[in-house]
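Throw the hints in and build the complete structure from the sequences for me.
Order-wise, the sequence lines are chains H and F.
Quick note: the first sequence uses our numbering, first residue 28, plus one each step.
Quick note: the second sequence uses our numbering, first residue 248, plus one each step.
It should be emphasised that the hints constitute simulated quantities derived from the structure, not laboratory data.
Every residue gets a Cβ at the ideal spot worked out from N, C-alpha and C, and that includes glycine.
Heads up, some of the hints might be wrong.
To give an idea of the interface, some chain H residues facing chain F are shown, with a C-beta separation under 7 angstroms as derived from the structure [what the hints assert, rightly or not]:
id, residue
1, Trp43
2, Phe44
3, Tyr475
4, Lys485
5, Asp606
6, Ile744
7, Leu764
8, Ala839
9, Ala841
10, Glu843
A few chain F residues that don't get close to chain H, going by computed Cβ distances all over 10 angstroms [unchecked claim]:
id, residue
11, Pro310
12, Glu315
13, Gly330
14, Ala360
15, Leu376
16, Ser377
17, Glu388
18, Leu468
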Amino acid sequence: MVPPADSLLPTRFADWFSGRGWSLRWHQAQLLARASARRSTLLIAPTGAGKTLAGFLPTLVDLSGPGSIEGLHTLYISPLKALAVDIARNLEEPVAEMGLLLRVEARTGDTPAARRQRQMRQPPQILLTTPEQVALMIANPEARKVFAGLRQIIVDELHALAPGKRGDLLALGLARLRVLAPQAITFGLSATVAEPDNLRRWLVDQAGGVAMADLVEVPRSLAAPADLRLLETEERLPWAGHSAQHAMAEIYREIGRHRLTLVFVNTRMQAEFVFQALWGLNEENRRIALHHGSLDVGQRRKVEAAMASGGLDAVVCTSTLDLGIDWGDVDLVINVGAPKGASRLLQRIGRANHRLDQPSKAYLVPSNRFEVLECHAAIEAARAGEQDAVTSREGALDVLAQHCLGMTVAEPVDPEALYREVTGAAPYAALEREAFDRVIRFATDGGYALRAYDRFAKIRRDGEGRLRVANARIAQAYRMNVGTIVESTMLKVHLGSAKGGALRYGRLLGEIEEYFAEGLTAGDTFVFAGEVLRFEGIVEDRVVTTRTQGKDPMIPSYNGGKFPLSTHLAARVRSMLADPDTWQALPGQVSSWLALQQGKSALPGPEDLLVETFPRGGRYYLAAFPFEGRLAHQTLGMLLTRRLERAGLQPLGFVANDYAIAIWMLRDPSIRVAAEPEFLDRLWDPDMLGDDLEEWLNESALMKRSFRACAVIAGLIERRFPGMEKKARAVTMSTDLIFDVLRKHEPDHILLQAARADAATGLMDLRRLSDLLMRIRGRIVHHDLERVSPLSVPILLEIGKEPVYGEARDQAIADEAARLLDEMGEAFGTA
Amino acid sequence: MRQSAQLNDARRAVPARILLAGHEVLLLPAGAAYLQDERLLVVADLHLGKGLAYASRGQMLPPYDSLETMRRLLALVRHWQPGRLVLLGDSIHRQTLMEASLAPVAGELDELARMVELIWIAGNHDPDLSGLPGAVAGEIELPGALRLRHEPATDGHAEIVGHLHPAARLPTRAGRQRRRCFVAGENRLLLPAFGALTGALCVSDPAIAGLFPVGRSRVFLMLGEGLAELPMAAVA
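Written as C-alpha cells, this is what we have:
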C-alpha cells in the first residue's frame with residue numbers, strides 16, 4: 028500500500044518546512060505517497076489549501092535526490108499564461124532555499140522563439156506551460172526525445188479546463204504524452220466539483236475501458252464556512268436591468284470598511300459601469316482599480332502588482348480574476364448581479380481570505396428582483412456546498428482534426444495506433460472508428476464527397492500505410508493555427524490626438540471588438556478602461572481616441588462574459604417561488620411582490636410552467652417562466668414564434684432573459700386557448716425540436732457563428748493575424764458563404780455536424796430546452812389576465828434593452844433602408 | 248415575422264431600375280445587371296475555381312463553388328433570355344488553374360454557350376481567356392459611350408465595372424448587417440461579385456468610396472429575395 032508520508036519527505040524538505048513554521052499538510056503528504064506509488068491522482072481542494080505546492084512537492088523531492096536528472100521531468104499546464112509565469116517565479120524560492128540544482132522555466136505564446144527552440148533542445152527539468160504550447164511541442168519532430176524521460180504531468184485548474192474545447196485539445200495532448208512517456212503520471216488540481224469521477228477519468232487512459240485516477244479530496248470540514256449574505260439595501264429594488272445602480276453607495280461604504288475588496292461583475296460592460304459609478308462617489312479618494320479581459324495586459328499587470336503590494340482598496344473585475352494567482356490580502360468579495368451558478372460563486376468567494384482556517388466574507392448584490400431570488404438560491408447552494416459546474420463533454424471533432432494533423436507533423440503515424448491513442452482521451456473515449464476515419468479524411472483533403480482535391484492532400488500515406496504531413500508549408504500553417512480560441516476580430520484602442528484632420532496614436536489602452544468600433548463615428552463618446560473617450564477615427568487597425576468629459580457615453584457591449592443561469596439554481600428558484608414559507612428570508616420588497624403576483628395571477632409549483640396571456644398597447648402578450656437560462660429561452664423563443672406564426676397568431680417578436688420569455692403578437696392567443704383547450708400543450712410539445720428546429724437552424728446566425736469557429740479550429744480556413752489583411756485590401760473571406768455552399772451541396776459534411784453539435788450544447792442549450800419540454804408536459808398552468816402581472820413586469824421592461832428576436836434580418840435591413848430613404852430621400856428619387 | 252404586405256412595401260422583390268448613359272439598367276436581386284434595350288446581361292467576378300485555388304494552398308474550401316456559381320448563372324440566363332452575356336472579368340480565380348477550374352463545370356459552360364452569346368472581359372485574375380467558348384475582349388462599348396470593363400477607369404466615360412466586390416454594412420434593430428451590394432453613381436455602376444465564394448470589400452473603403460461621391464450615389468443591398476436601396480451616405 029501507500030508508504031507513510033513522513034518517510035517520503037527528505038530532511039532538507041522537512042527543515043525547509045519547519046524553517047517557515049509550516050508543517051506538511053495532509054493532502055501534500057497524500058500526493059507524495061501517490062507519486063511514490065506511481066499513481067495518477069486528482070486533488071480536489073478549496074482555494075487557499077496550498078494545492079500548487081502539493082502538486083510540485085513530489086517533483087522537487089524526486090529531483091533533490093543524489094545524481095542529477097537531466098531533461099524534462101515535470102510538465103505543468105495551466106489555462107492561464109500568467110499563472111504559468113507566476114508559478115515559475117514562486118518555485119524559484121523553495122528551489123533556491125533548499126539548494127536544489129534544477130531549472131524551472133515557463134513557456135507561453137509570449138516566450139521568444141529562440142528560447143522556445145532552446146527549450147526543445149535542452150529542456151529544463153520543470154516546464155510550466157499552456158495547452159496550446161503542449162500541442163505545439165508534441166507536434167515537434169523532437170517530441171519523442173524531449174518527453175522520453177518525463178515523470179510527472181500536473182494540470183492546474185482542471186475544473187475550468189476540462190469542460191471546453193481547450194480541454195479537448197489538452198486531453199488529446201495527454202493521450203499523446205502517455206505514449207511518448209508511459210512512465211509519467213498525471214496530477215489534476217481542481218476546485219470542488221459536483222462529479223469528481225468525470226475529472227478522474229479525464230486524467231488517465233480510457234482506451235482499455237473506464238479507468239480512474241486516485242482521488243485526494245481535502246474535506247470541506249477543514250474550511251471555515253463562508254460568511255455569505257445579501258448586501259442589504261435601503262433603496263428601491265429595480266424591476267429589471269443589470270446595473271445595480273441603486274446599490275453603489277452601499278458598495279462604496281463597504282469598501283471603506285475593508286482592507287481590500289474585490290467587486291466581481293459578470294460582464295466587461297458592467298465592470299466599466301460599476302467602476303464609473305464608484306468613482307463618481309469617491310469623495311474619500313479610495314484607491315479603486317479596474318481589471319477585465321479587454322484591458323491592455325500591461326495595465327492588468329500593474330493592477331495585479333498594486334493589489335499584491337497593498338496599494339489598492341478595491342478592484343472592479345470580471346471573471347479574469349476568478350482563477351489563479353493570489354494577488355493580495357482580499358478580505359471582502361462583493362458579487363454584483365446574479366452569480367448564475369453555485370460553483371462560480373464558490374470560486375469567487377474563495378478569492379477572499381486565502382486561508383483555510385478563516386471564513387471568506389462575501390456579499391451578493393442583486394441588481395433586480397429576480398436576481399434577489401437567484402442570489403438567495405446561490406447562497407443556500409453555497410452553504411450546502413453544492414456544485415453545478417459541468418465537467419464532462421463529448422470531444423469536439425474540429426479539435427480532433429487539428430490534433431490529428433499535428434500528429435502527422437511530428438512523425439509518420441499509424442492510423443490504427445492513433446485511433447487507439449485518441450480514444451484513450453476521456454472526451455473521445457466513445458469515438459466511433461467511422462467518425463475518426465472521417466476526421467482523418469477531413470484533415471487530409473477536406474473530406475468532401477466530391478473528391479476534387481486529392482492532389483493537394485495535406486496528409487499523405489507512405490508505403491506502410493502511415494500518415495505523414497505532405498510538406499513543410501502545411502506543417503508551418505498547422506503551427507500558426509494551433510489552438511481552440513477563436514476570438515472576434517479585435518481592434519487596439521489608443522489614446523491619441525486629432526489635429527487638423529491628422530490622427531496620431533499614443534498609449535495603448537486595450538482592445539474592443541471590431542463591430543463596436545465600426546459603429547462609431549467621430550465625436551461619439553464611450554467608456555473604456557475606466558475613462559470617457561472620444562472616438563476620433565481608425566488608423567490602420569487602431570482606434571484613436573482622446574480623453575473627454577462627454578455626457579451619456581456609450582458603453583461598449585461585448586459578446587462574451589454572459590453565462591446562463593445554472594439548472595441547479597433554477598430548480599432552487601422555482602421551489603422558492605412555490606413555497607411562501609421561504610419568502611420571509613427575502614427582502615420585504617420582494618416578498619410583497621411575490622404575494623401580489625399570487626393575488627393577481629399565480630405562482631407555479633416547482634415542476635409547473637406558468638403561462639400568462641394578456642393584452643397591452645394593442646398587442647397580445649404571452650409570457651412564460653421556465654427559469655432555464657437565457658440561451659435555452661432564446662432557442663425556445665425562436666421555435667415558439669415559428670409555431671405561433673403557423674397558428675396564424677402573427678407574432679411580432681420576443682424577448683428572453685434567464686427567467687422568463689415574452690412573445691407579442693397581433694392576435695389574441697387567449698381566444699385560441701378558449702376555443703381549443705389543447706392549444707398550449709400542443710404549442711409546447713417537445714416535437715418542436717424536430718422539423719421546426721431543423722428549419723430554423725439552417726438560417727440561424729448561431730449556426731453560422733459556430734461554423735466559423737469550427738472552420739478555424741479544424742484548419743479549413745486559416746486564422747488571420749493583425750496586419751495580414753492589409754496586404755489583400757481587406758477582401759474578407761466570409762465563412763457564411765462557405766457555410767451556405769456546403770450546406771446546399773453536402774449537408775452532412777463533418778464540419779457541419781461539428782458546428783451543429785457546438786450550437787446545440789453551447790449557444791442553443793438544446794439539452795436543457797428538451798429537459799424543460801419533457802418536464803412540463805401536462806403541467807402548463809395558464810392564466811388569462813386582463814393586464815400585465817407583477818411577475819411579467821421585469822421581462823416586459825427588457826424589451827428595448829435586450830435584443831428583440833424573431834424578426835428576419837433581411838426584414839430589418841429593408842425597414843431600415845425604407846426609414847433612411849424617407850429621412851434623407853427626396854434627393855434620391857429612383858430613376 | 249411581419250406580414251408580407253408590409254414586407255413588399257420596403258423591399259424590392261422586383262429588380263431596381265437605374266438610368267446610365269441613356270440605358271435603362273435593371274439591377275437583379277441575384278447580383279447581375281440587365282440592359283433591356285440591348286438584351287444584354289452582365290455579371291462580374293465569378294472567380295470560378297476559387298475553392299480549388301485555396302485547396303492548392305492547403306485550405307480545403309468546399310469544391311462546389313464553381314458548380315454553384317454556374318448553376319445560378321444558368322438560372323438567370325434561362326429566366327431573362329438575354330442575347331448576350333458579358334462576364335466582366337475575374338471569371339477565373341487563378342489563371343494557372345484555369346483548365347482544372349473549368350473541368351467540373353464543363354457541361355454547364357457548354358449549355359450556357361448554347362443559350363447565349365458569351366463575351367469574356369479579361370480581368371486581373373484572368374488576363375488570358377483564350378480557349379473559352381464565345382468572344383474575348385479587353386472592354387466593350389455600347390451605344391451612348393457606355394463602357395463595360397473589369398476595373399473602374401477615370402477616363403470620364405460612363406461605365407459598368409466589377410473588380411471591387413462591394414458590400415455594405417448597415418446598423419439595424421437586428422444588429423449590424425453586412426450584404427453584398429450594387430453601387431450606382433451618376434456615371435458608373437459597380438456590380439457585386441457573382442461567385443459563390445467571393446469575399447467582399449466594404450463600400451466605405453477608399454477604393455470604392457473614392458469613386459462614388461456621397462451626395463450623388465446609391466447602394467442596393469442584396470437581400471435574400473430582393474434589394475434594399477440606400478443613399479451612399481447611409482453606409483459609407
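Agreement of hint H/Trp43 with chain F interface, Cβ distance less than 7 angstroms: Check failed: Cβ of H/Trp43 comes no nearer than 53 angstroms to chain F, outside 7 angstroms.
Reported absence of F/Glu388 from the contact zone with chain H (all CB gaps over 10 angstroms): holds, 22 angstroms
Separation of F/Ala360 from chain H, once the least beta-carbon distance is taken, above 10 angstroms: Non-interface label stands for F/Ala360: nearest chain H Cβ at 23 angstroms, farther than 10 angstroms.
Does F/Ser377 clear chain H by more than 10 angstroms, comparing its Cβ with all Cβ atoms of that chain? holds, 24 angstroms
Residue hint H/Phe44, partner chain F, criterion CB-CB below 7 angstroms: Result: violated, 54 angstroms to nearest chain F Cβ.
Under 7 angstroms, Cβ to Cβ, is where H/Leu764 needs to be relative to chain F, so tell me if that hint holds or is violated. holds, 5 angstroms
Assertion that F/Leu376 lies farther than 10 angstroms from chain H (Cβ): Holds: least Cβ distance 22 angstroms, greater than 10 angstroms.
Let me know if the C-beta of H/Ile744 comes in closer than 7 angstroms to any C-beta of chain F, holds or violated. holds, 6 angstroms
Claimed clearance of chain H by F/Leu468, with the beta carbon kept past 10 angstroms: violated, 6 angstroms
Checking hints one by one. Is H/Glu843 an interface residue toward chain F, by the C-beta closer than 7 angstroms rule? H/Glu843 check passes; min Cβ-Cβ to chain F is 4 angstroms, inside 7 angstroms.
Does the nearest C-beta of chain F fall within a distance shorter than 7 angstroms of the C-beta of H/Ala841? Interface hint status for H/Ala841: holds (4 angstroms vs cutoff 7 angstroms).
Restraint: H/Lys485 near chain F, CB-CB cut 7 angstroms. Satisfied or not? For H/Lys485, the interface hint holds, since the closest Cβ of chain F sits about 6 angstroms away, which is under 7 angstroms.
The structure is inconsistent with the numbered hints 1, 2, 5, 11, 12, 18, although it conforms to all the rest.
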